[in-house]
Amino acid sequence: MDEFAAAYPFSSRARELLKSVGKEELSPQRLRSAGERLLDAIQGRKPFREQSARERVVDYVLARILLAAIDRPSAARKYASSVARAALEKIGDETIEEQFAELAKDFFPSFKESDGEYVVSLADYLKNGSGLLYAPLEAGKVFFSRNELQSLLKKAIEARVCDLSSISLKTLPPFVSEVAKEIEPRIPREQARTTHAGKYLDLPCMKKILQGMSEGKRFYGVMALAIACVKDGLSKEDAVKLVSTYAENCSKGSSPFTVREAQTSVDWIYRHPSIGFSCNKMREQGLPVDCAGCSLALERRRAK
Amino acid sequence: MTESVMEAAPHDSKGRQLVRSLFRAYYGRSQSFPSELVRREFGFGFTKKIDFRHKAFLSQREFAEYVQLEVPLFMSYSAALYEKPAATPMNKKGFLGADLVFDLDTSYEKEKHEHNPIFCPYCLERVKQDCSALVERFLIQDFGFSEKELFVNYSGAKGYHIHVNSEAVRQLSSEARKQLLSYITATDLNLERILRKEFFAKSKDSFVLRGPSTRARGWAKKLFDAAYAFVDKADLPHFKAEGISVQRANKIMENKAFVLERMTEGNWDSLRGMEPVWQKLLRKAVAFHSLEVDKAVTFDLARLIRLENSLHGDTGFIAKKVSLNDLPDFAPQRDALAFSPNESHWVKSKVTGTLEMAEQKFELKEGKITELPENAVVFLLCKNKAELK
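If you're matching them up, the sequences are chains A and B in order. For the first sequence, counting from 1, position 26 maps to 26 in the numbering used here; every step adds exactly one. For the second sequence, counting from 1, position 274 maps to 578 in the numbering used here; every step adds exactly one.
Here chain A stands alone, though its shape is the one from the complex:
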């Protein structure tokens, strides 16, 4: 098996090679061992033994099947981040310019190097990139330094690895969900904590909300969190991370509360930063407001 495909199992070249991998690879035993490697990757551990190139690529495929069956976005994100980090470390360590260019072209077909700068077309950038507002954009091209392109590439790799929408669980044998159930409890839960916690996010009610709300309160919960994020001066990116964890912790109810819904609320609140933090509103909506031991309530009582 091609070394490039093994090093970058998410690449189009790997996808081509995987066509030769048969269904015989999908056995409970093989899936369990791929699950172990998935756990290693999520927890930042190096694999116990050297693997062949073929094993590595098949592991990647099986890990994504498991992640789809586990259906926990934070686990997929952690795995994607680990895969992207490993890929970029390889490029960085070995400074394999050819591999770097091939990988960049895989995500940005218009990728070019010109006068010491890296250039991608606007359309490619938008398909894979993040914000455009601060992008060095000119005549339909976005320009980068090596470091900037690497970090863009990392995001693009993460997004590709995280995107499990092409995996149809219905077509997979029943043992996939059994193995997923065995692996799932061993994946560490993402702690709903932020290094930027402040006056509002540290309130007991906010901590309770972060643990997830039941159907009917989920929307008000995310609004309260987003307002607290604004008041505590969190960047929008950090706020999105926080509410993504919240969305995962919420009960699924008749329909799940998606990360996207949570993000939309953050977008809206960040566009209306003057909205105040109201304990009464939270109480009205049935959110867990607990004034005993609340520093904000104490502060307000003193002010009166």
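All the pointers check out, no bait thrown in.
The calculated label-pair distances, taken between Cβ atoms and stated as ranges, are:
#: 1; chain 1: A; residue 1: ASP267; chain 2: B; residue 2: LEU631; range: 29 to 37 Å
#: 2; chain 1: B; residue 1: ASN395; chain 2: A; residue 2: PRO173; range: 21 to 29 Å
#: 3; chain 1: B; residue 1: ASP536; chain 2: A; residue 2: ARG260; range: 45 to 53 Å
#: 4; chain 1: A; residue 1: ASP290; chain 2: B; residue 2: MET394; range: 42 to 50 Å
Below, a list of computed lysine-lysine pairs in the DSS-like style, where the Cα atoms sit at most 25 Å apart:
#: 5; chain 1: B; residue 1: LYS501; chain 2: B; residue 2: LYS525
#: 6; chain 1: A; residue 1: LYS236; chain 2: B; residue 2: LYS599
#: 7; chain 1: B; residue 1: LYS599; chain 2: A; residue 2: LYS127
#: 8; chain 1: A; residue 1: LYS231; chain 2: B; residue 2: LYS508
#: 9; chain 1: B; residue 1: LYS396; chain 2: A; residue 2: LYS170
#: 10; chain 1: A; residue 1: LYS127; chain 2: B; residue 2: LYS525
#: 11; chain 1: B; residue 1: LYS588; chain 2: B; residue 2: LYS414
#: 12; chain 1: B; residue 1: LYS584; chain 2: B; residue 2: LYS414
#: 13; chain 1: B; residue 1: LYS452; chain 2: B; residue 2: LYS482
#: 14; chain 1: A; residue 1: LYS231; chain 2: A; residue 2: LYS217
#: 15; chain 1: B; residue 1: LYS482; chain 2: B; residue 2: LYS599
#: 16; chain 1: A; residue 1: LYS231; chain 2: B; residue 2: LYS501
#: 17; chain 1: B; residue 1: LYS482; chain 2: A; residue 2: LYS127
#: 18; chain 1: B; residue 1: LYS396; chain 2: B; residue 2: LYS359
#: 19; chain 1: A; residue 1: LYS127; chain 2: B; residue 2: LYS452
#: 20; chain 1: B; residue 1: LYS525; chain 2: A; residue 2: LYS112
#: 21; chain 1: A; residue 1: LYS199; chain 2: B; residue 2: LYS508
#: 22; chain 1: B; residue 1: LYS396; chain 2: A; residue 2: LYS127
#: 23; chain 1: B; residue 1: LYS654; chain 2: B; residue 2: LYS687
#: 24; chain 1: B; residue 1: LYS482; chain 2: A; residue 2: LYS155
#: 25; chain 1: A; residue 1: LYS236; chain 2: B; residue 2: LYS482
#: 26; chain 1: B; residue 1: LYS501; chain 2: A; residue 2: LYS236
#: 27; chain 1: B; residue 1: LYS544; chain 2: B; residue 2: LYS560
#: 28; chain 1: A; residue 1: LYS46; chain 2: A; residue 2: LYS154
For the record, the hints were derived by calculation from the structure and aren't laboratory data. Predicted model, so just to flag it, every value in this text is computed and none were measured. Cβ coordinates follow ideal geometry from the N, Cα and C atoms, glycine included.
We have chain A; now place chain B onto it with these hints.
Using the frame of chain A, we list chain B on its own:
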């Protein structure tokens, strides 16, 4: 374009008949078709902008026959292309891609001018200026589209639509289109990311102000150019107008060459205490360069947009396709008229005011019966501001 429910116009049956017959005659002599018609979904309005949608046609002929027979007041089509444009719900249509469309219809009613509530050429002219700015400053200069890939369409009422017909944009997701909007509107642009404080010691004043240089691109370049040009050209009254003190203005003017030279290197701190001045100038430059766009039209991939060269049932004007070269001279009240200037009808006005059309001014008085040219009559009937006599 807002799809708010509108009252059917015109309201009197004689007026309705006249408008319908004139619309039918127009479609008899002039029909326009969108590109790849068979892959588009259509929506038609008889009492409001869209009464029903999910309609599709197998050929231009079928479409033309339908229009001739039904004579809709409003015709819209999807920016998106589908495998089965008539299928419902939306996810059964088989999305193939979508043109990129921008809709400009900012209200300038509050801007200082003599606003005409019946029909305001000033407001339309301002939206047209926005349209030119969007094309030049963003679509061509920044996004790199060629003039050949763009076409402008007067909406037939208060705005303009800009279509980008390029394979490169067809597969852009709704999220990617939002990024383009975010760039154009600059609502989330944080100047602290453009003008950064680089600290060299722990004290809060120990920083150098770093900003864009001559090598900047994107918004950073727009802001660099604006600030550089201001410092280069401004004299005392200009500084005063920006609220900059005489003392500071003099200091900047005395050291102009030095300040400008440093700016080209990205050092915006050649004179201490300049931060508030830059903030003011940059905020103004953002306001000048950014544009207001009806965002939903761009990011909503299921949106229907007015068919070019169809008639607008709220004005009787042609939603005219305008070439970029003709745009500066285009005036809807002269160039988007569909009916004969030689035909006239008697109407009883329901409003008092002036209507400017086809280089003529018509004084209207509520309750007064007047003979007006056909274009003005259709406009007033569609707006329900007159009834046919």
